[in-house]
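Q: Using the sequences and the hints, build the whole thing.
Sequences listed follow chains A and B, in order.
Numbering of the first sequence is given in our numbering, commencing with residue 29 and proceeding in unit increments.
Numbering of the second sequence is given in our numbering, commencing with residue 21 and proceeding in unit increments.
Because the hints were derived from the structure by calculation, they are not lab data.
Please note: incorrect hints may appear among the correct ones.
Below, in silico cross-link-like pairs of lysine to any residue (SDA-like), each with a Cα-Cα straight-line distance of 25 Å or less [said to hold, decoys possible]:
(1) B:K592 x A:L129
(2) A:K119 x B:E477
(3) B:K159 x A:L120
(4) B:K159 x A:D175
(5) B:K569 x A:N166
(6) A:K119 x B:V94
(7) B:K247 x A:I99
(8) A:K160 x B:T597
(9) B:K517 x A:S161
(10) B:K601 x A:N148
(11) A:K119 x B:K569
(12) B:K592 x A:I99
(13) B:K601 x A:T151
(14) B:K592 x A:G152
(15) A:K119 x B:N305
(16) A:K119 x B:G77
(17) B:K601 x A:A150
(18) A:K119 x B:A184
(19) B:K601 x A:G152
(20) B:K244 x A:L120
(21) A:K160 x A:D175
(22) B:K517 x A:S162
(23) A:K160 x B:K247
(24) B:K601 x A:R111
Now the stretches of chain B that chain A is said to cover, found in silico as 3 or more residues with beta-carbon under 8 Å [said to hold, decoys possible]:
(25) 157-164
(26) 258-265
(27) 304-310
(28) 319-331
In this text, a Cβ means the ideal position worked out from N, Cα and C, and glycines have one as well.
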Amino acid sequence: MSAVNGNLALLRPTPQQTPEPRRHLEIAPTRAQRRARPRLAHALVTLGGIGVILVAQLLLSFALADGAYEIAGLQGDQRDLLREEQALDEKLELLGSTQNLTANAEALGMVASGNPVFLNVATGTVSGTGSKSSSLPNNMIANSLLDGSTVIDPQTLQAARDAEAASGDTGGPTVVGATPTTPGTIPSPETH
Amino acid sequence: MVINVRGSRRRLALTVLVVFAIVAVFVVRLVDIQVVRAEALTSEADKRRINTVTTYGVRGSIVDAQGDVLADSVERFDITASPKNAQLDTTWMTKDGERVQVPTTEAVQAIADLTGADPNALYAVLAQNRDSDFQYLKKAVTLDVFTKVRDLQIPWVYSELHPARSYPGGAIAGNLVGFMGTDGPLAGTELKQDEECLGSTNGTSTFESSADGVRMPGSTIVQKAAKDGGTVHLTIDSDLQWYAQQVLAQQGTALGADWATAMVVEVKTGRIMAAADWPSVDPNNVDGSKVDDMGARSFTAPFEPGSIIKVATFASLLNEGKITPTTQLMVPGIYTDGLPAGSSIKDSWAHGDIPFTATGVLVNSSNIGTAMLSKKLSLKKRHAYLEAFGFNSDTAVDFLGESSGSVLPVSQTDSITNLTQQFGQGMSATSAQIAGLYQTIGNGGVRKPLTLVDGCEWPDGTWTEKPSTEGTRVVSESAADTTVKMMEMTAQEGMIKDIIRIPGYRVAAKTGTAEVAENGRYGDQRIVSVAGLIPAGDPQYAIVVTFAKPDTMRTSAAAAPAFSAIMKQVIKTFRITPHSKGAPAIPTTW
Chain A
29 MSAVNGNLAL LRPTPQQTPE PRRHLEIAPT RAQRRARPRL AHALVTLGGI
79 GVILVAQLLL SFALADGAYE IAGLQGDQRD LLREEQALDE KLELLGSTQN
129 LTANAEALGM VASGNPVFLN VATGTVSGTG SKSSSLPNNM IANSLLDGST
179 VIDPQTLQAA RDAEAASGDT GGPTVVGATP TTPGTIPSPE TH
Chain B
21 MVINVRGSRR RLALTVLVVF AIVAVFVVRL VDIQVVRAEA LTSEADKRRI
71 NTVTTYGVRG SIVDAQGDVL ADSVERFDIT ASPKNAQLDT TWMTKDGERV
121 QVPTTEAVQA IADLTGADPN ALYAVLAQNR DSDFQYLKKA VTLDVFTKVR
171 DLQIPWVYSE LHPARSYPGG AIAGNLVGFM GTDGPLAGTE LKQDEECLGS
221 TNGTSTFESS ADGVRMPGST IVQKAAKDGG TVHLTIDSDL QWYAQQVLAQ
271 QGTALGADWA TAMVVEVKTG RIMAAADWPS VDPNNVDGSK VDDMGARSFT
321 APFEPGSIIK VATFASLLNE GKITPTTQLM VPGIYTDGLP AGSSIKDSWA
371 HGDIPFTATG VLVNSSNIGT AMLSKKLSLK KRHAYLEAFG FNSDTAVDFL
421 GESSGSVLPV SQTDSITNLT QQFGQGMSAT SAQIAGLYQT IGNGGVRKPL
471 TLVDGCEWPD GTWTEKPSTE GTRVVSESAA DTTVKMMEMT AQEGMIKDII
521 RIPGYRVAAK TGTAEVAENG RYGDQRIVSV AGLIPAGDPQ YAIVVTFAKP
571 DTMRTSAAAA PAFSAIMKQV IKTFRITPHS KGAPAIPTTW
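A: If you want it as structure tokens, here you go:
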């Protein structure tokens, strides 16, 4: 067995003819070159920058969209307010019409003056000869926009004043008709 | 290691080929989308994204000299519905601040209550137009009503803007302002100034909107800008205009007249302060007026004016040096000299021979005396003077449908008209032309173009269309001033002296009672007028008042109270201070 054993040659692996790994040769960079080489930090900064820009753009677009709703809302408000202004203007023009003013003047007991008379404020002299005043004429110039609802009723006005006077012992300054009960009554301070 | 060079080349070629193929596919697709189908796709996209809206230009206002509004654009709203989207049994609406489902009839009733429409008619609109997407429920409601209807939040109810016109002064200057029809202006300044000033044009603009209808910022593109109209500034004073119309209405009614006009003109400038017509249309309610009353008779209705024209005759004669205020003549009771057999000129009162001065002829308004004096000047020259005073041609106002009246050409003037036209018969004129005559006399003989429109003010504050104010001299200053003095004698001594006297003021006036030709002959109808200047010492305003065909009184005394009232109002409105010194005293007889 030993012979067998002796015959047994130690099987050594034939050294393989493996090729020499290729040497990776490179030119050693100079210090300056090494410094100029891109670093990881640069990549991170760039990527981060892009990220920040994207986020900023997103936020900006949010804000813009939000602003769009606000603008739309405000434009709607503006349109409504303009319409309201026009409606009030229209009402004011109608209330200021000569027909309405004469009707109200008449309701309040005003009369038309007679001959023209002038008072010179500087000298206190009166020029011109006055004549009897006459009652205001009944308006004969049609205005179909007026339905009579804008004419003051003196009795309602008086009642409102009386009510104010009755409840006016609060010590504060009295403003007659501060809460007008009829359209057309104007709140005015009570002066004597 | 063996590198299969050939194999790697093949792979590379394949890769390149595949890449190119993919790129080619994309390119083809790109060209298809961007070039071949570009238009269709773009419009498809726009349809989903872009809204086109009409922007409304606002029609300009008409205001008076003080800026008081006579005609204004207002917003009204048409309430519309989509019957297709409405269910006839129940619907949603907001009631007392809560969304509730209610029977459709209740929603319809709510709309009817707010708009004043008939609920049954509204329901019928919904029931009978089941396939329709658009039906009017109520047109032209005010903002109040519109807001309340909108607050009902009924899903099938919509609205649209309906620009409208409002005339806050009603019939005040309605004859001058005119009115609008459904398709545009129909009369007066509304029509006359439509293209030059008032008219607006609507524009269009587009914007992109998000899925929920919100306008995307910066996406608005104005395709066509809306243009607002300008404001027409009239020269009239609307309060004075109201007063004049009121006086005409009162006196006209009392007299049973057919119509009446009154004009007030500032003599130094020719600006018309009032041009009143009675009856006058209320532009808010055009249907309430007769067609004949819709215009401005002061410009469109010529009539034989009668003796108020004598002022032109006397001014011409004075200017030619043919007469002086004291020229003496013996006026007979009837005049036939040079007239065809059977024709004669008479005065309005029976008289024998009267030794009148020229002033006396004017004061007593003697037709015979005027005819006798007229003969001192050739017909050709007298005709030229009448035309120079503005007869036979439109005034500078050029009012819509204005008439130029008529003075016959010299060649067609017969021997009667030759003389009668010098006292206002056989010729015709409008109130505006007569006002122009008195303006010329009051302004020292210089005729100014009558103006009704001060100009057009555009939204940016610029003005256009400022009228010319250049005058033309018709007679000399002394001839004009002398005529005023003679007219002042008329106011002092004429038949209406007591009616038109105002203590503290000097007034120059002339009356006219013209016969009206009907069916080719003069009947017993009259057109009565008073024209005058205030204050006579330095005339500022010319006033002409005319009543046509009064029933109860057919002399110029019928027009005098209205003339007097308007004159007082002119004094108050323009604050003319009293001045009574220096009144002339010219003998009327010799």
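Q: Does the structure keep K601 of chain B and R111 of chain A at a Cα separation of 25 Å or less?
A: violated, 57 Å
Q: For the pair supplied as a hint, K592 of chain B and G152 of chain A, confirm whether the alpha-carbon distance does not exceed 25 Å.
A: holds, 19 Å
Q: Sort out whether A150 of chain A lies within 25 Å of K601 of chain B, counting only the CA atoms.
A: Satisfied, since the Cα-Cα distance of roughly 22 Å is no more than 25 Å.
Q: Mind checking the alpha carbons of K160 of chain A and T597 of chain B for me, to see if they're no more than 25 Å apart?
A: holds, 19 Å
Q: Quick one, are K601 of chain B and N148 of chain A close enough, alpha carbons at most 25 Å?
A: Within the cut-off at roughly 18 Å; holds.
Q: Between the alpha carbons of K592 of chain B and L129 of chain A, is the straight-line distance 25 Å or under?
A: holds, 18 Å
Q: Quick check: do three or more residues in the region 258-265 of chain B have a beta carbon closer than 8 Å to a beta carbon of chain A?
A: Since 4 is at least three, the answer is holds.
Q: For the pair supplied as a hint, K119 of chain A and N305 of chain B, is the alpha-carbon distance within the 25 Å limit?
A: holds, 18 Å
Q: Could you grab the alpha-carbon distance between K159 of chain B and D175 of chain A and see if it respects the 25 Å cut-off?
A: Roughly 21 Å separates the two Cα atoms, so the pair holds.
Q: For K119 of chain A and G77 of chain B, compute the direct alpha-carbon distance and say whether it is at most 25 Å.
A: holds, 22 Å
Q: Counting residues of the region 157-164 of chain B that have a beta-carbon nearer than 8 Å to any beta-carbon of chain A, does the count reach 3?
A: holds (count 3)
Q: Taking 25 Å as the top limit, are the C-alpha atoms of K159 of chain B and L120 of chain A close enough?
A: holds, 23 Å
The structure is inconsistent with the numbered hints 11, 12, 20, 21, 23, 24, 28, although it conforms to all the rest.
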